[in-house]
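S.K.: Sequence:
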Amino acid sequence: GTKAVPEAKSALRFLDGENKLKKKIPFILLTNGGGVTEIKKAEELTHSPMRQLVPMFKDSEVLIIGGADLQIILDVLQSKDGYFETSSSPQELLTRNFPLYFSNPDIIWSNECLIPRMAQGSFRLCLEHLYE
11 GTKAVPEAKS ALRFLDGENK LKKKIPFILL TNGGGVTEIK KAEELTHSPM
61 RQLVPMFKDS EVLIIGGADL QIILDVLQSK DGYFETSSSP QELLTRNFPL
111 YFSNPDIIWS NECLIPRMAQ GSFRLCLEHL YE
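Numbering (this note's numbering), first residue to last: 11 to 142.
Because the hints were derived from the structure by calculation, they are not lab data. Beta carbons are placed, not taken as given, at the ideal position from N, Cα and C, and that holds for glycine. Heads up, none of these hints are tricks.
Computed Cβ-Cβ distance ranges for the label pairs, DEER-style:
hint	residue 1	residue 2	range
1	F94	K50	38 to 46 Å
2	K68	A14	36 to 44 Å
3	K50	A14	25 to 33 Å
4	M128	E102	25 to 33 Å
5	C136	K90	17 to 25 Å
6	E142	D91	16 to 24 Å
7	C136	F94	19 to 27 Å
8	L103	Q62	26 to 34 Å
9	E54	F94	34 to 42 Å
Work the whole structure out from these sequences, hints included.
M.R.: Dropping the structure here:
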């Protein structure tokens, strides 16, 4: 469901060594796979709006950022031909384009966290302003 079991965190800490014996206890977490094979479940979990871009970039070098690392993206955008520790001239920056794709335009994640969580749209806005 959408709510975590309240005791889950303490149970995981217990297994991770926060117990009387100060010993870690090996464990495996299982999910309800829905009665499908591992291969089928992997296919279900690998859905991505970026999948359609694979044929276009299959023979290209691609930088995929899964976190919020603005510096790496800015380094690549301002580099010469995408090579780190190089710099393009201002004229080159005005005439060339690197394709950038974002998978989620939301500014705030829609979740149950008490404090709003920034989503990829916030990241995109920060990047745009820093790149200017």
